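**Student:** Sequence:
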Amino acid sequence: MIAFLDANILYGPRLRGLLLRLAQGGLFRPRWSDAVQDEWTRSLAANTPGLGAEALAQLRQGLHQAMPDARVAGYDALIPGLRLPDPGDRHVLAAAMACQACCIVTFNLRDFPAKVLAPFGLSALHPDRFLLQLDGRDPVGFAAALRRDMAPDPSAAPDVAGYVTSLRRAHLPRTAAHVAELAPILAR
1 MIAFLDANIL YGPRLRGLLL RLAQGGLFRP RWSDAVQDEW TRSLAANTPG
51 LGAEALAQLR QGLHQAMPDA RVAGYDALIP GLRLPDPGDR HVLAAAMACQ
101 ACCIVTFNLR DFPAKVLAPF GLSALHPDRF LLQLDGRDPV GFAAALRRDM
151 APDPSAAPDV AGYVTSLRRA HLPRTAAHVA ELAPILAR
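Under the numbering used here, the first residue of the sequence shown is numbered 1, with each subsequent residue one higher.
Everything hinted at is true.
Label pairs and their computed distance ranges (CB to CB):
1. 85 <-> 42: 18 to 26 Å
2. 57 <-> 118: 34 to 42 Å
3. 113 <-> 57: 30 to 38 Å
4. 81 <-> 177: 36 to 44 Å
Hints were generated in silico from the structure; no laboratory data involved.
Keep in mind the model is a prediction, meaning the values are calculated, not measured.
Glycine included, every Cβ here is placed at the ideal spot set by N, Cα and C.
With the hints as constraints, model all of the structure from the sequences given.
**Tutor:** Below, the structure is given as structure tokens:
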């Protein structure tokens, strides 16, 4: 399953980290473009005083190292023919089309109407819905990725309650509720 990740998905460290763990566990194949990378790092720099260019470059490099085949290029010719409510999002749709993604994962669902995406075989999914779909496809792999994300050190006990709180703060209420239900399994 190939999923194109919008800039707002890569912006927050909780969601970005969880998605990388899930991708590393083979639950899906993430894709993004340089334009998406530019957008989220520019927003992070603007909203995080004191975060220097070197730290941002390290974040981008870390994503590239974690998922070296995630970068999508060669889609610029598709952009002029696309129509979206926000013309500034056409590059996202074009890149998703170019990499043959099945979905665009974004918090901005209204910017990617189903009637526009459907002819291209795409849908826009809120990250909460996307995460729960991944769990539905592979509950064992999903739980394993959650454990790794909660406690990168395997000898450390996972802090499920703190993790659930961080998911809620990341605007993932349904995923947070689901993880809370999985607490007995995850705490093992």
